[in-house]
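Dock the two chains into a complex; use the hints.
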Amino acid sequence: MRVKFWGVRGSIPVPGRATSRYGGNTSCVEVRPKGAAPIIIDAGTGLRRLGKSLMEEAFGDGRGETSILISHTHWDHVQGLPFFSPAYRAGNKIQIYARQRDMHLEAVFSQQNNSPYFPVPLSSLEATMSFHELVEGTKFHIGRAKVSCTRLNHPWIAMAYRIEVDGAVVVYCADTAPFTDILFGREFIVKAPSLDEPLPADVVEELARMRAGVVELARGADLLIYDTQFTKTEYLQRPHWGHSHPDDAIQIARDAGAKQLCLFHHAPMRTDDENDQILAAYRTVAAHGDQPLALVSAYEGLEIPLGDE
Amino acid sequence: MKIRFWGVRGSIPAPGPDTIAYGGNTSCVSIHTASGKLVIVDMGTGLMHLGNHLMAGAFGKGQGRAAILLSHTHWDHIQGLGFFAPVFIPGNHFTVFGPGGSPNVLEEILEGQMDPNFSPLQTLKNFAAIFDVKAATTAFEAEDLRVSAYEHVHGTTTALAFRIEEAGKVFVYASDVGQPVADAPPDPGLVALARGADVLLHDTTYRPSDQATRRNRGFSTYEDAAAMAVAAQARRLVMFHYDQDYSDADVDSLRDACRASLDTLGGQDIGLEAAREGDELEI
Ligand SMILES: [Zn+2]
Ligand SMILES: [Zn+2]
Ligand SMILES: [Zn+2]
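If you're matching them up, the sequences are chains B and S in order. Under the numbering used here, think of the first position of the first sequence as 1, with each following residue one higher. Under the numbering used here, think of the first position of the second sequence as 1, with each following residue one higher.
Certain hints may be false.
Cβ-to-Cβ under 10 Å is the rule here; a few derived chain B residues that face chain S [said to hold, decoys possible]: (1) Thr26; (2) Gln112; (3) Val120; (4) Trp156; (5) Phe188; (6) Met269.
Derived pair list, reagent style BS3-like, types lysine-lysine, alpha-carbon separation capped at 30 Å [as the list claims (entries may be wrong)]: (7) S:Lys37 x S:Lys2; (8) B:Lys93 x B:Lys34; (9) B:Lys191 x S:Lys125; (10) B:Lys191 x B:Lys232; (11) B:Lys4 x B:Lys93; (12) B:Lys232 x S:Lys61; (13) S:Lys61 x B:Lys191; (14) B:Lys4 x B:Lys139; (15) S:Lys37 x S:Lys169.
FYI, nobody ran anything at the bench for these hints, they're computed from the structure. Every residue, glycine too, gets a C-beta built ideally from N, C-alpha and C.
Next comes chain S alone, as it looks inside the complex (with noise of 0.2 Å):
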């Protein structure tokens, strides 16, 4: 499995030159399989950059596949749906899977996204691809990968966590985690998701100082990324989804930060790094 990271940024993109290192647009990761399949995690800002490189494919002759799989709908999750070249072409094929518990549910809430008080293509109808939208179960089948989900709490609401499975590998994508109150174990359920995998790509988007004064936003810190990948035993851990505010260098403090949190927990074994838009993981 191939992993780049098209979008790393929590909540709003954040343009600048401070973000430019480690990139400003919301969250975004394309899994490339072994088999030559192609899996997408969430739909923020990265996508439109995602689909621009896929357009050089065969998703620009229209002869494209892939899965999507959705965390949940805040607006940096979805919000780079509309501005997805490969909808646009005739023949491509994508389906959605996503929280909400019924495929109806989930497509009025994307349909929202283009209601045309707020965007100019109106309805999902427009798009020329197959666009099929799917409700996410605890364990299903995208791309003839094996995928288990379990839904987390994220704040006052909840959002998906994906386990993905080929030949023995796994990746395991944990976005906007956050427990309602201080001091919570890591949750039990994200725990056994996460169990031996490869790769944890964890919510980080706070440090300690800033998550106790917003913590119904629904974050994790670093400290509970690091405490989630040893109470998992994974090998590695990624830290994503950044504060919209955190610069270049805030980014590099926090995963300095984050190493010495594993550390001391005994996760000296387990490597680390900080997502950045552009990087690839092989796994």
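This is chain B alone, in the form it adopts within the complex (with noise of 0.2 Å):
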């Protein structure tokens, strides 16, 4: 299989040069099994330019096919799909997974493309989309990929993926904060919590339980892209906003035994040599010790092939 990055970014879209060499469009990741249907994961901006590159295959003629997993719907994970040309043209089939929310899947998305804030009501796009709801823990075929799921730790939860296809492995972590001092629900966190208070017994045995879901999920990964919004002075300052910076990713991914680490979902104002120096600092820790971890940081256009392809 081949995996590649469309949106890269955290939050909101930024553009500018700043940012124009790791790129400004919001989370979204092709994955493509060896002669297969494409896989995508989460719909941020980066979608727009992944259609109009779909549109130049079966898509066009309106023979595609496409599965798209969204970890969850905050905007920069869902706000490119509006833009996706492959929904606008008719015998394409789109299937779309994401966890259950309280209202129905096809509601949520129905809102974001509904007047007054968008144009063109999504039962009138041409192409047919379904909606799968997923809990943690579900297991799932996309033609010759075997999808499994687990939750994440972050307001109003997300859904971290393993795709296995091509005798190889890929995770998507994101979005996710550590699972040490913020357990993650439906409450707003209005100002960073003393992180000294002891938490709960009960709030700490969950943290575990969820941080070795993503573990195993993670277990013997080829590729594991992981939400590293933050550095970790950064996430001290701001624990409770549900983003997790490089030496956790690096830790989930040792006790995974991964082989290697994407950083990823890198926060709007940083900029590309900020990015540079932040993949060579965490490259030195990454080398270090008896599991050596290769480690990358996801630009648009990065293009990494697993297994057999």
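Quick look at the structure:
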């Protein structure tokens, strides 16, 4: 399979000179099993350019099929969907997978496309769209690819995905906070809480269970894509935002025995030069220890071949 | 009045190496008045960068005030709001004037963007600043400025254009202007609003060939904008809200074509520029 990055940014798209090398589009990754239809993870603004490129293939004649795995429905993971050209061509089939919400997924996505926010309602899109609701632990197949998922530590819950195909494994973990300080649920956390206070035992246990689920999902991954929006210092100032940092991601990758870690979901104001520095600094960290870990930082256009391509 | 462009793109932010010169952020313009007041028009992603800039001044200390004029609530005109740093500082004060005819309707629409399914903010109530939502009427006062608004056609819906006046100087903002039929004459209501403007900022999303295949989207060409500027006898025309697929080179050629349109229509005396992120214009 081949993994290609179309959007690597978190929170909000950031056009401009300072971000033009890594790219300013929000989260979107294409996983292409050998000779098969593309599997897309997340539908941030990167999805727009991916959609244009797909129109050069079967999607342009209305014979395309794709599955989109949505980590969660925060804007930066869904805002590209109304601009996905294959959705406007009759005959194309688009399967959308996401975690169950209080209301049906189709209703959630309809809200995004409806007046007064967008001029083209979801129901009037020409392609066939179907919605599949997931819960933690659901396992399913997309063609030959085996897909599984587990929950992450993020406000209103995000899903991590593992895709196994062509003798290789890619795992996508965004968005998530570390599993040490705050258990994210439905409440809005106004201020950074003190991280010195001990957590209640049941919260500690719940976080440990969640972390174990993520480590298990990432077990032996050839590529682990991880939310590293923050540096460690930034995380300590904003632990209540629900994002992680490279030190935490490296520890998860080591515990899971992953071979390669990809820094992903870069903070909007992170410049290209800062991203270069972060990567250089953590390459040294990742190379140390008895289990060397390859490290990359996601940029738009990065393509990583895995297993049998 | 000092006008500054923070986002000039339409529909969806368009990052990439080929949009660096004009910018890829969605609609947002700031107006600093001669009397020291601040009026913001539209809240696209450019609003985040305006906010970061404002934090260095009174807004960073919770002593800032601004009026926000909202043309309509399509994503590209509101998606910067959750990333506007000054709304998280207690003491700052914002008054939004927008469409919908009733403050409750407008507030509910803005609230929908912050819905916990979509935003970690969950609700506007989590803003620390005062965020007062009002319905724009045809004539009102915002930060002591006289503002008139006109509701024009934008595809299957409508949007508001604004005329802002200070000491005899006039700035008109008319984004997302699009009549559903081909070759429609300039909307007389909008001509009246823009009459004699020192600066008319007007939607120029498309070149004519692209508008022809996407007329239902409700956007103007540079020809429509030129016709409006001539009909309203504006002094300067500013092109705005470029299609997300247009590169910097495309916008350059659109500007040349717009100049030619103005000249053909008898608008040789009308100044022309293509709005560019970061540029400032003094009236
Ligand atoms: Zn995110
Ligand atoms: Zn617009
Ligand atoms: Zn619009």
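Going through the numbered hints above, which ones does this structure break? Give me the numbers in ascending order. When the structure is compared with the hints, none of them turns out to be violated.
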